[in-house]
Structures are given as structure tokens and as C-alpha cells.
Amino acid sequence: MRMSNAVAVLVSGLGLCLLASGAAPLRAQEAQVDGIVGNAAAGKEHYRRYCIGCHAKEGDGNGENALWIDPKPRDFIAATFKCRSTPTGTLPTDADLFHAITRGFVTTNMPPWGPLTRQVRVDLVAYIKSFSARWKTQGPGTPISIPAETPANMESILRGRELFQKMECWKCHGPAGHGDGPSASTLTDSKDNPIRPYNFSSGSRFKCGETNEDLYRIFMTGLDGTPMPSFADNIQPQDAWDLVHFLRTLQPLPTPEAAAWHAWLPAHAGELKPIGPDQGGQ
Amino acid sequence: MTGWSVKGRDCRRWAWPCTSLICGALLVGVASNLAAIAPRDHPARATLGDAEGGRGRAAAYEAYVVGTGGVLSARSAASLGVHRTASIPAFARKYNLPCSSCHTAWPELNAFGQTFKDNGYQLGNDRDSPIWLNPSYIPFAVRTTPGWRLERTTHQPVDDGSGGTVEKTLTQSGFDISGADLLMLGTLYKNITFGFVPTVADGEGVGIEAAFVRFDNLFRSRWANLKIGKFELDNMLSEKRSMMLSSNGTFYQTYHFVPAGDATDFGLGDNQIGAEWLGHSANSYTRFSIAVLGSVDGVPGLPSAKSSYDATFTLSQAFEAGKLGLERIGLYGYVGQRPTSFETSGGEPIPGTGSNGKAFYRIGAVGDFFLGKLELLPLFMHGSDSKDLAGGSRSATWNSGLLELHYYVSPQLVFTQRDEIIRMSQQADPAIPKKLGNIDAFTFGYRWYPIMFSRAGLAMVGELSFTKTIGMVPLSGDGVGLDPLSPSTGVRSTSVLLALDFDF
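One line per chain: the protein sequences are A and B, in this order.
Per this note's numbering, the very first residue in the first sequence carries number 1; after that it's consecutive.
Per this note's numbering, the very first residue in the second sequence carries number 1; after that it's consecutive.
Bear in mind the hints are in silico, worked out from the structure with no lab data behind them.
For every residue, glycine included, the Cβ atom is placed at its ideal position computed from N, Cα and C.
One thing to keep in mind: the hints can contain errors.
Said to hold, decoys possible - Distance windows between CB atoms, simulated:
hint, chain 1, residue 1, chain 2, residue 2, range
1, B, ASN217, A, LEU67, 23 to 33 Å
2, A, GLU64, B, ILE138, 14 to 24 Å
3, B, PRO300, A, TRP264, 51 to 61 Å
4, B, LEU188, A, TRP264, 35 to 45 Å
So here's chain A without its partners, still in its complex pose (with noise of 0.2 Å):
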């Protein structure tokens, strides 16, 4: 019984102590993702153990590895952040850095941190919010709403193929989508590093994600710092479904858009005008 006893108040201890730093409000240099509070001087361990060499201590991406990494690394101090579910030019929510921990940055040196425990990850995103004094000054933006998802059928295909050529995303992205449109190799970043636009043909996933809504949210949230810009302002929300659906038939999965592309193209591909200059893109 005494072990008993002894236990029980172990354990109510604990919890007592859990539910006191669950129910304290959240306080500068924390970050909270689905209710676990992280804490940047824990999160400070973490940094050095995982992420130093190549962002650096002072968290500006000029960490010793970053001399040989192409994209460079994230510069924390300028907290212009790619993957947002929030509008342009704002700052994106914690769980939004904690997820781009998790998934990581497909065909960069950025790996998926998910085998990390969530306590670590959100501890992370407490302590990069630390190096910058934006944090302090901004909150995140609101994140952007999504529509419920249009019928992915081939009226919708071909509708985000028009899109395609009228909004003259093949001139960075390339016709097929190879990410090798006419002015590729012009494009730079925000801090002047050569930048190559995105590969449909070779990634299995986007950087931001791997859902047609990711990839929705690139194309209404942007990727700051970088010329994706964002088309809230320049495209209906069901255009952009049609350009999702579009956009899924230029990758080599096996999607349901791919799918219905490839059994309607043999019998159409006559009818079908090439995309690019030719048609007055140009």
C-alpha cells in the first residue's frame, strides 16, 4: 500500500504539474501546436543538435554547411517563410512552421524532421520564432479559407490548362512543367541566389505538400521570398481547382487527374493547342 500511495501522488504530481504548464498562457519565445506548448530555450537544445550546421547559430542561414547547399538554407532573422497557410507578406502560424519541420523540403537538404517527438518540433518552432524581432512585433496572418475541392474531371483539366498558358506559368515552369520556361534561369530569390522553379516531372511531392489542397494554398498564399507569387488577388477559387487538377497531370504519379488525362489524351491530343509562346504568351 505504501507503494500504492507513493504512486498516486507521483503521478498526481505529475499531472498537476502537466496541467499547470498546459493551462499557463502562452508567453513570449513559445510556439503551441494542437495543444503541446513548446519552449525555446528547450527548443535551444534542439537547434544545435539538429539544425545548426546548416542555419547557423544566429539562426541566418549561413550555417558551415550552407557553402554547399543548393537552395540555401532559411534565413530565420528575415522570417520570410515559403509555406504559409497564411496571405503574402505575413508570417506564418506556428503550425505551419511546425509542419514544414515535419515534412521537411523535398529536393533540398531540408530532410522531414517527423520521426522528432512533436514536444521537440514545436519547442524548434518556439526557438526560430526567437530570431527575429518580427515575432515580437507581428502576429501570424489569418490563414487563408480553402473551398471544398471542385469535381477533378476533364472539363476542369483542360480549364487549368488555359489557365496555365493565360496566367503564363509555363514561362518559369516550362510548357511541360519541367521547370525549364524561358526565363528559368533569370529567376533569383529575395536575398539574390540563383533560384529554379519547380519540376513537376521529377518531385513526388510539392515543397509545401502533397495534397491537392497544398497545393491550392501555394497558389493563393505565394512562396515568399521566392517569384512564386500569390494569386489571390488575380484568380477565383475555382480556377485555381482547375489549375490544381491541370498541374496534377504533369506529375508522374499515379493521381486520379493523371489518370483521366492520360485516357482522354490519345483520342484528343490533335485538338489540343501547345503551350507557350505561339500562343501569344509571350
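Given the coordinates of chain A, work out where chain B should sit on it, guided by the hints.
Then chain B, alone, in the frame of chain A:
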């Protein structure tokens, strides 16, 4: 306590030693350790050498071993000559990640490193295939450990000059260097990985520590990964990734223990030859492996039996415990057999003709628990060898347990401690004292990594390890030793190591 019953035997007698083990392990402090290593009779380093000699093995198998030039002894020596192969800066160079990304403190893997390994040494960033690499990149690394060490063994039979024998404590010390591991691991193509690890040791020539090809994510499933060749078993507590390097501390006694008089040539920590099927969840929190292996304990060549296979499994599950960290529990088992009859020619056994295989098995549980910066690694094992292998009238059975602690002051400094005990529960020969072969082992050390980045690693190592074995010379990874004159004598062995462990 009923849960401790093993094969119908009440294991309450384990309560005290296990409690002592845990409590002792928690006393992480130099003072207590120094007190513990001030033995009355100067515990001494002892060695394998002929650790298994002179203890009547199953006659046929022993005859076979003799007939094949003492292969068993060679295997045993190889078994304990633990090569440490598993921190590979070639991957750090490939991915521009520091050692600490994949290792709690190299060579031990952390959760991220385990996932990386499980995924076929790939990050999964669509840039894993060598076609994306600079052609000048070569997946090659070297690891070796020069340093100074002291070894001491008590109760060594020594001629007294008048035709008799007395027991003495023997001590030797000096500068030394470990063998070198040449680590060649890389990606042949997306989801196809190779590993080739020759080892070079002065006086021992070149050996093949590992050589395998693995096919990952078969059928686009993380649960379908196949590895074929010679490799370390998927032990959750990896001996190849041990942070301890001294002669006594570099291996787990549990993984290599065989009872007195037992002819089983097997070490759970030894790399084995066979095929392994592995599966894991996306973050490797859930993992399993099953393997079919040749009954050769990793020594290239066909088995001594006409046809013989061993089998093993591991299963583990990790779960998050908030700020404490990631906690993992696992089960493992190994079953094998060795021949006890051979065809003969001129009375000599013919290699490869063994039959009438008799079984042995090892089964147990293991954990990996984090309390913030403190990592606790408990392991329990129950072992049993057939009476025909153990050379008696009944099977030999024993239990063993260990608790290893790592305290990570920072990614560049870790203190380590291990307590380990092995207790015979039944000798194959009832005439053999029950305690014969019982082992108590303790190791304390530190590793400081003044250099840790994505190109190379250097660790400064200090370690103290001692072992006590009843009636036998303690198992050790190096040197020679003899059994004491009395089977009830506890032979103590001490290892001290100050070394530079570098990996480039």
C-alpha cells in the same frame, strides 16, 4: 512477482540483484564508481583466449571443432573482437548533416537516424539516388581508435617455480590501437543500398565485418524492406553502435554468454549471414524484423551441418512522452540449432556432414527510455541450450539483465554507465556448481566530441570497466586468460581505456 517466473521457476531470487542493478545504475557518480572499483583483490582484466576451453563440450561437436582446426575457438574470438562499424560520416557528407542529427552521440542512433537507416539510408528528399550527387563523392569512411589501456586479471594460475601452481593478479598496460573499420555504405539507386565493411587489424589480416545489399520500400511499402548478406541483427540495443570501447565494456556479456561446458558457437551481437525482412512505420516508431540466417555465427562458409538455419525476430514500439522524450519498448528472440553428429573419415568428423541438430534459443525484452537528457536502456534475456549442446544431462538455462545509462550533457558530451548481471538457473551437468559462470559487469565512461560536424567526427574517450565471473576467466574482447584453480573463485577483470575515437 509471478510475472518473473521463467519456465516454471520462480524468479523471486532475481528481485534483489535486479533491484541492486537498477539502484546501482542510478548512482551515476564518479565517487560511487571509484568506490566500487577498489576491489579487495584488484579485479583484473581477463580474456577470451581459451575461455571456453577445458570445459567438456558435447563430444561430437568438440571433435569436429578439433578436426577443423579449432574453428570454434576462432569463431569465439571473432565473436568478441567487436568491430564498431556504425557511424558513417559518408552519409553526413552526402547530406550535409552533422553527426548529432542521426546520433544521440555517435555511433548510437537517435530516432531520426533510425528512420534514416530504416529507409535504406535515404532521407526521402528525392535526391537520394547517386545520380544527384557530385561525381567526386565516394561513400567511404574510416574509423579507428588509438589510445592507452590497462588490463588486469585476478586469480591467474601461475607456476610457483617448484612444480606447483599459485594464483596471481596479472596486469599489463600500454599504448594500443584498435583495428580499422573501412565503412563503405551508399545508395546504388533509389531504394537500393549496399554496405561493405572490411576490417583491418594488425596480426588478424582483413575480415569482412559486413557485406549486404538492401532493397527498400518494395511495392511502395515501408513494411517491405529486404536485406541480404552479412549484417548486424536488428538488435534494439546495438552492440556495434555501443559507445563503450574498452576490452570489457565494448560488448554486452549477455549477447555472447554461453554456460560452462557449452559448445554453442553463437553471439547475438555478432553480424550474421542471411536474409532479413524489415518493416517500419513512417517515423519508425513501429518496427519489426524477421530473419533467416545461416548457422555459422557470421563466419563465411557453409554451416557445419548438412543444412541448417537459424531464425530471429525483433519487434518494437515507440511512443511520445511529452517533454521526457521518446520511449521505446521491444521484444526479440533467436532460435538456432547446431549439429551433434558427424560423418567421419578415419575417425575424424567430416566438415559439412553434421546432423542431429539440437536447439538453443535466446528471448527477451528491451527498452529505450528517455527522461530528458537521461537515457535508460534496460535489457532482459533468457537463454537456453539443449543438453546435447551444453554437454550434460539436461538443458542449460540462464537469465541475464543489464541497464545502460547515457546522460547527454550536450550533443558533444555524454556520460555512460552500464551494469550487467548473468545468473545461471540450471547447469546442464548437475555436478557443476550452480554459480559457475555467473557474471557481474560494470562500465563507466564518457565521450567528448570536440569535433562534430558534417565531415568527420572525433571523440575523446575515457572508460573504466570491470567484470567478475565465477570460476571462469571473464569474457573480454582481447588478450588471454585462464580459469582459476577453484570453480567457486570469482575472477575479476578490469579495463581502463583513454583513447581517441575518430571517424572520417
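Taking the hints in turn, this is what the structure says about them:
1. In this structure the hint that B/ASN217 and A/LEU67 lie 23 to 33 Å apart at CB holds, the actual value being about 32 Å.
2. At roughly 21 Å, the beta carbons of A/GLU64 and B/ILE138 sit within the given window of 14 to 24 Å.
3. The given range of 51 to 61 Å is respected by B/PRO300 and A/TRP264, whose C-beta atoms sit roughly 57 Å from each other.
4. Checked against the given bound of 35 to 45 Å, the beta carbons of B/LEU188 and A/TRP264, roughly 38 Å apart, stay inside it.
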